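Participant: For the record, the sequence lines run as chains A and B.
Anchor point for the first sequence: position 156 equals 868 in this note's numbering, and the numbering is continuous, going up by one each time.
Anchor point for the second sequence: position 30 equals 742 in this note's numbering, and the numbering is continuous, going up by one each time.
I should point out that these hints are in silico values taken from the structure, not numbers from a laboratory.
Careful: at least some of the hints might be erroneous.
One copy or two, either will do: identical chains are not told apart, so a pair holds if it fits within one copy or between any two.
[To be verified] Listed next, the in silico DSSO-like pairs over lysine-lysine satisfying Cα-Cα at most 27 Å (straight line):
| hint | residue 1 | residue 2 |
| --- | --- | --- |
| 1 | K730 | K716 |
| 2 | K716 | K729 |
| 3 | K793 | K862 |
| 4 | K715 | K729 |
| 5 | K815 | K862 |
| 6 | K815 | K715 |
Treat the numbers as computed from the prediction; the structure is a model and nothing was measured.
Number of protein chains: 2
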Amino acid sequence: MEKKELIVRENILGSNKKVAQEIRAKLAGRGVLCVNLMSAPGAGKTSLLEKMAEKLAPAHAMAVIEGDVETERDAERIRAKGIPAWQIVTGGECHLEARMIGKLFGGLPEKLDFLFIENIGNLICPASFDLGEHLRCVLVSSPEGDDKVKKYPEAFLTSDCLLITKSDLIPYLIFDPERVKKEALELNPKLRIFILSSFKDQGLDDFVAFLVERRKELATGHA
Amino acid sequence: MEKKELIVRENILGSNKKVAQEIRAKLAGRGVLCVNLMSAPGAGKTSLLEKMAEKLAPAHAMAVIEGDVETERDAERIRAKGIPAWQIVTGGECHLEARMIGKLFGGLPEKLDFLFIENIGNLICPASFDLGEHLRCVLVSSPEGDDKVKKYPEAFLTSDCLLITKSDLIPYLIFDPERVKKEALELNPKLRIFILSSFKDQGLDDFVAFLVERRKELATGHA
Chain A
713 MEKKELIVRE
723 NILGSNKKVA
733 QEIRAKLAGR
743 GVLCVNLMSA
753 PGAGKTSLLE
763 KMAEKLAPAH
773 AMAVIEGDVE
783 TERDAERIRA
793 KGIPAWQIVT
803 GGECHLEARM
813 IGKLFGGLPE
823 KLDFLFIENI
833 GNLICPASFD
843 LGEHLRCVLV
853 SSPEGDDKVK
863 KYPEAFLTSD
873 CLLITKSDLI
883 PYLIFDPERV
893 KKEALELNPK
903 LRIFILSSFK
913 DQGLDDFVAF
923 LVERRKELAT
933 GHA
Chain B
713 MEKKELIVRE
723 NILGSNKKVA
733 QEIRAKLAGR
743 GVLCVNLMSA
753 PGAGKTSLLE
763 KMAEKLAPAH
773 AMAVIEGDVE
783 TERDAERIRA
793 KGIPAWQIVT
803 GGECHLEARM
813 IGKLFGGLPE
823 KLDFLFIENI
833 GNLICPASFD
843 LGEHLRCVLV
853 SSPEGDDKVK
863 KYPEAFLTSD
873 CLLITKSDLI
883 PYLIFDPERV
893 KKEALELNPK
903 LRIFILSSFK
913 DQGLDDFVAF
923 LVERRKELAT
933 GHA
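Excised from the complex, chain A in its bound form (with noise of 0.2 Å):
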């Protein structure tokens, strides 16, 4: 990377983080559990949404941001499930920011127990911006293959938790999960790792379980 390039994306990061902070303490305050969705294309994130949609939504207040490069296409899938959605289309921009997540802040509702973010779908860019998330989790679908942790390590460096998603086509896939695991881990020890199947509805009620429990530990500030 070019100086110039280097300095102007030192700027951007900065601010970002700033604006991050603002939003997750403010969210934190409100009992908000706000969780940032990242992955390459395709690894099944809105898919996921709309089982959360299913299992989480009737006992528990949620909303979902989108975000895409074009077309409202996800937030119409959450939409469609009875769930308040926002779409951002950056129209090019490879990551969701702070402050685009700021500028829709006003619009959430009153009672709000769990904000997801579905990030741009993309494995590298979008792990560098901290978005006010309390819970960060990547997802790896199991027909990317086993060997994806180290090539795009720093997705897994800053994420709370790894989901192996599409775990449904394993049976027709060379894939080890163990692999997986033990690569993630040895990135980032403290990663939770949820094997999931929205298409077959395996893993989800634990995973459901699990950001019920973040939420507690958030109001009792322990998150």
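Start from chain A and add chain B according to the hints.
Facilitator: Below, chain B alone, put in the same frame as chain A:
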């Protein structure tokens, strides 16, 4: 994007284009067809190159430049097939640039027919950077879903070929290849589309024949 950032970006893209044009002309002069493979992580770029080693290399000299954020894993896979391969490790950068390719230029084999560049696994940022290729191919794997084209338009707008990969998984997915084709051709009517499975050897011979044909056109100045 901020103004200062925009100016820096414009400068980078401008100087990248110049270097790319030099690379393209030099390779054409030597009769080398250069192919830039772009996709999300885990769409099957390296597996496709392994199959090219089996199907294209016996009759044609090929070499591979691998791009990754971290690790030499992909170049090792290609070398294991007896194909010369260079790994560019960007250490965080989300795309390849022409100057990175230019640096490896002197080391390329004397006799060479096809130079493949496997870009960083990222469906967004690499699309803005001409690497001096004669043919740009974007891969979408069937498990990524059939809604990706319009969500990530630049990669499809700037490509010559669309490769729908992992076709062997389609029976286990909700995935309509016709939707992908239709949306891709709406964006870019010139796209040549191939449906491939490296795992089950589907469609690969057609793609190899197409590459050989394109190289002939290059030699006669019609590429």
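Participant: Just pull the numbers of the violated hints for me, sorted ascending.
Facilitator: none
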